[in-house]
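Student: In case you want the letters, here they are:
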Amino acid sequence: MPKSFLASCIVCIALLYGCSGRGGGRQSFDRDGTVASSQTINYASGFIIEECDGYTRAILRDPWDTARVRRTYLIVDRSESLPGNLPEGILIRTPIRKAVVYTTTVASLIEEAGCIENICGICETEYVTSKEARGRIGQGLIADIGPSTSPNVEKIVEIEADAIIASPFENSSYGSAEKLGIPIIEAADYMEETPLGRAEWIRFYTLLFGKKEVGDSLFSLTEARYKALKDLARSAGTRPTVMLERKYGGQWVLPAGQSYVATMHSDAGADYIFKDEEGRGVTSLSFETVLDQAVDADFWMLKYNAPAPMTYGDIEAENPRYKAFGPFARHAVYACNTATSTYYDDITLHPDAILADFIHIYHPDLLPDHKLKYYFPLK
Amino acid sequence: MRFNKSNLRILIPCVALAALFLASLIYGAVRIPVGDVLSILTGTFEGKATWQSIVLQSRLPQAITAVVAGAGLAVSGLMLQTLFRNPLAGPSILGISDGANLGVAIAMIYLSVSSYLSIIASAFIGAGCVLLLIIRFSAKVKSNVMLLIIGIMIGYLASSVISILNYRASADKVHQYVMWGMGDFSGVSLDKLPCFAAVAGSGLLMAVLLIKPLNALLLGETYAANLGINIRRARILILFCTGILAATVTAFCGPVSFIGLAVPHIARLTTGTSNHNRLVPVTILTGACIALLCNLLTILPGSNQVLPLGAITPIICAPVIIYVIVNRRNIHYFN
Numbered sequence: 000m001p002k003s004f005l006a007s008c009i010v011c012i013a014l015l016y017g018c019s020g021r022g023g024g025r026q027s028f029d030r031d032g033t034v035a036s037s038q039t040i041n042y043a044s045g046f047i048i049e050e051c052d053g054y055t056r057a058i059l060r061d062p063w064d065t066a067r068v069r070r071t072y073l074i075v076d077r078s079e080s081l082p083g084n085l086p087e088g089i090l091i092r093t094p095i096r097k098a099v100v101y102t103t104t105v106a107s108l109i110e111e112a113g114c115i116e117n118i119c120g121i122c123e124t125e126y127v128t129s130k131e132a133r134g135r136i137g138q139g140l141i142a143d144i145g146p147s148t149s150p151n152v153e154k155i156v157e158i159e160a161d162a163i164i165a166s167p168f169e170n171s172s173y174g175s176a177e178k179l180g181i182p183i184i185e186a187a188d189y190m191e192e193t194p195l196g197r198a199e200w201i202r203f204y205t206l207l208f209g210k211k212e213v214g215d216s217l218f219s220l221t222e223a224r225y226k227a228l229k230d231l232a233r234s235a236g237t238r239p240t241v242m243l244e245r246k247y248g249g250q251w252v253l254p255a256g257q258s259y260v261a262t263m264h265s266d267a268g269a270d271y272i273f274k275d276e277e278g279r280g281v282t283s284l285s286f287e288t289v290l291d292q293a294v295d296a297d298f299w300m301l302k303y304n305a306p307a308p309m310t311y312g313d314i315e316a317e318n319p320r321y322k323a324f325g326p327f328a329r330h331a332v333y334a335c336n337t338a339t340s341t342y343y344d345d346i347t348l349h350p351d352a353i354l355a356d357f358i359h360i361y362h363p364d365l366l367p368d369h370k371l372k373y374y375f376p377l378k
Numbered sequence: 000m001r002f003n004k005s006n007l008r009i010l011i012p013c014v015a016l017a018a019l020f021l022a023s024l025i026y027g028a029v030r031i032p033v034g035d036v037l038s039i040l041t042g043t044f045e046g047k048a049t050w051q052s053i054v055l056q057s058r059l060p061q062a063i064t065a066v067v068a069g070a071g072l073a074v075s076g077l078m079l080q081t082l083f084r085n086p087l088a089g090p091s092i093l094g095i096s097d098g099a100n101l102g103v104a105i106a107m108i109y110l111s112v113s114s115y116l117s118i119i120a121s122a123f124i125g126a127g128c129v130l131l132l133i134i135r136f137s138a139k140v141k142s143n144v145m146l147l148i149i150g151i152m153i154g155y156l157a158s159s160v161i162s163i164l165n166y167r168a169s170a171d172k173v174h175q176y177v178m179w180g181m182g183d184f185s186g187v188s189l190d191k192l193p194c195f196a197a198v199a200g201s202g203l204l205m206a207v208l209l210i211k212p213l214n215a216l217l218l219g220e221t222y223a224a225n226l227g228i229n230i231r232r233a234r235i236l237i238l239f240c241t242g243i244l245a246a247t248v249t250a251f252c253g254p255v256s257f258i259g260l261a262v263p264h265i266a267r268l269t270t271g272t273s274n275h276n277r278l279v280p281v282t283i284l285t286g287a288c289i290a291l292l293c294n295l296l297t298i299l300p301g302s303n304q305v306l307p308l309g310a311i312t313p314i315i316c317a318p319v320i321i322y323v324i325v326n327r328r329n330i331h332y333f334n
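Residue numbers (numbering that gives the first Met the number 0), protein chains in the order written: chain A, 0 to 378; chain B, 0 to 334.
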């Protein structure tokens, strides 16, 4: 009995391992010889776009194993007939007419590219901030698909969506949505290391809606503004030190050294105190580590989600030891309320707008007329 | 003074407690030389103000919190195991900590409250409601096993409401709630420590005063009644005392699992008795030691990073529980 149990365990593990190898694209991240031309992607590391004979190929790199291909999309215009030489990949007929978008961040990008009519479903619609999108939700033109972690698959079928745009997580699947036969397009922009890398994903998204030129021009504008602001910040004589976020539970969770948030503060001419912490996402430090290294920081920037603006009294009540930090004593704490600002809508395509806030805070003389939009001094 | 075995059994956890307490002040994510820590404690330090703040305002209250919380959870686990005559009973089994979790989930996710005091208040309200419910049921239901089942069911109800709240919540609120749910001894600052220590300390004192009815309950309810113990009153007092301890610790430190379940077994193993005269003090001391040890282990050596407390307590305590299940016959239980 134990032997047969052991044998069946081994068989199960072997089967599971075999399954995981399929569909996920185990091939390495390099190109074959059928490419006619490839578009220059300057900042994003997560995708490449290649113009091939009769179709466009978009290859998405696995953000967690960058040597691997995560998905290959073969994009063919609806008005064209399917070429006979299509290689292996997920076929998408463009422009997408009815897209279901799992994240409101990507939905706002698509809206900005002028394709709001092509969205027929959004997950977690309560976080949609744009008036037009809210109006369309109210009229029933955009359906609420439920939480992005477990979307309402029956609703997706009912509204006859022809593509799903979802955020990938490491080693996770899309459940029964994967069995619908609707192509799932992975929006891994949030895994980019640089703000412009993240913004460049607009070029991929607009390609799916037949608005390639719009995407290219939107990105060029952001790129130009961001680079100009970055150059301006470079001219600053000083680099004030900055600490970020605050303690949750037993840990102080803050952006790691290679994250795009860390890059943005550096681009704004600040010296992020924890820039040497390894990683592209976030890192957890103890309170005493943060206190030891950041006690004399020049600025403290934090984000929160609350209906009312946060005050010094609020953070002191939360943890009286915050008083020990220099920015608290000097009233140099700036906070962004993600519940009332459009921070998460703008972080992808308009990092330049957020960068302008940072530069105005760190170097007020460089952008004297700028009006803060996201981060405000704590009252 | 002559040291017999039973004196030694009290002395060892006392020494361990003192050593672990000192280690908690010396060892942390930031390296501070031992000499400097000692001079900070004696008030003769004239160096970095940050180090002084770390030792006196961060490590010291954290160590005291761990001692009080560990002792409180352990003794409430012991009382519940005796009351229900069940070696796997613990403070989380009656749904009291689930009640606290629910209170916090409603406050954080539904009401978008994030201030520390309102989180404590909501945890207390949640735990208090469940405690009152349990005490009310204890008057109606005679059998302790049935009461235990009711407690477990209330816990499930609370968990299911929490799941629904989490299901509809935004990622950062879920994150905030999950972080709270991992337990943490560092949340109690010096100014809140007296309040926490006073409430938990009175719970501990009450537990010591309940030693006599606890010993009587070991003989079974009928015998205990023959000994002149008012069973109903004893049951309500034990429930009230464990409820106050579990609610206070969960409100201030978040849910800390396993200590309440495992420590009474360690105490029984080391004392070799089920007599609460000896078991209660040893459980209190061992609970404090285990909590300090778990707190120390949250700091990864040679790294700035910290691990959540909720990930450490099962690593220390779960092997003890497995040992107990395997060797149950060798340990003195409810006889």
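No lab work stands behind these hints: they were computed from the structure. A couple of the hints might just be wrong.
[Stated by the list, open to error] Straight-line distance between alpha carbons at most 30 Å, and here's what the computed DSBU-like set of lysine-lysine pairs gives: (1) K154/A with K191/B; (2) K47/B with K322/A; (3) K172/B with K302/A; (4) K130/A with K154/A; (5) K226/A with K97/A; (6) K97/A with K229/A; (7) K4/B with K322/A; (8) K47/B with K130/A; (9) K372/A with K47/B; (10) K154/A with K229/A; (11) K191/B with K47/B; (12) K274/A with K191/B; (13) K302/A with K191/B; (14) K191/B with K322/A; (15) K47/B with K154/A; (16) K378/A with K130/A; (17) K226/A with K154/A; (18) K372/A with K229/A; (19) K191/B with K378/A; (20) K211/A with K226/A; (21) K302/A with K274/A; (22) K172/B with K370/A; (23) K226/A with K302/A; (24) K378/A with K172/B; (25) K378/A with K274/A.
[Stated by the list, open to error] Rough simulated footprint, nothing fancy, chain B against chain A, three-plus residues with beta-carbon under 8 Å: (26) 221-227; (27) 281-288; (28) 313-319.
Don't be surprised by glycine CBs; every beta carbon is placed ideally from N, CA and C.
Student: Evaluate each hint against the coordinates.
Tutor: We went through each hint and held it up to the structure:
1. K154/A with K191/B: With a Cα-Cα distance of about 50 Å, the restraint between K154/A and K191/B is violated, given a limit of 30 Å.
2. K47/B with K322/A: Answer holds: K47/B to K322/A is near 16 Å, not above 30 Å.
3. K172/B with K302/A: 12 Å, holds
4. K130/A with K154/A: Distance of about 23 Å is within 30 Å: holds.
5. K226/A with K97/A: Measuring from Cα to Cα gives roughly 35 Å; hence the hint is violated.
6. K97/A with K229/A: Violated, at roughly 38 Å.
7. K4/B with K322/A: At roughly 50 Å apart (the allowed maximum being 30 Å), K322/A and K4/B break the hint.
8. K47/B with K130/A: 53 Å, violated
9. K372/A with K47/B: At roughly 38 Å apart (the allowed maximum being 30 Å), K47/B and K372/A break the hint.
10. K154/A with K229/A: 45 Å, violated
11. K191/B with K47/B: Holds, at about 25 Å.
12. K274/A with K191/B: 34 Å, violated
13. K302/A with K191/B: Distance ~26 Å between K302/A and K191/B Cα, so the pair holds.
14. K191/B with K322/A: At roughly 15 Å apart (the allowed maximum being 30 Å), K322/A and K191/B satisfy the hint.
15. K47/B with K154/A: 61 Å, violated
16. K378/A with K130/A: 29 Å, holds
17. K226/A with K154/A: 43 Å, violated
18. K372/A with K229/A: Holds - the C-alpha atoms of K229/A and K372/A are around 18 Å apart, at most 30 Å.
19. K191/B with K378/A: 24 Å, holds
20. K211/A with K226/A: 22 Å, holds
21. K302/A with K274/A: 18 Å, holds
22. K172/B with K370/A: Holds, because 29 Å separates the two Cα atoms, which is no more than 30 Å.
23. K226/A with K302/A: Given that 30 Å is the threshold and the Cα spacing comes to 25 Å, the pair holds.
24. K378/A with K172/B: 23 Å, holds
25. K378/A with K274/A: 28 Å, holds
26. 221-227: With 0 residues closer than 8 Å to chain B, the segment 221-227 of chain A misses the three-residue bar; violated.
27. 281-288: That given contact holds, which follows from 7 residues of the segment 281-288 of chain A lying within Cβ reach (below 8 Å) of chain B.
28. 313-319: Our answer is that it holds, as 5 residues pass the Cβ test (under 8 Å) against chain B, meeting three.
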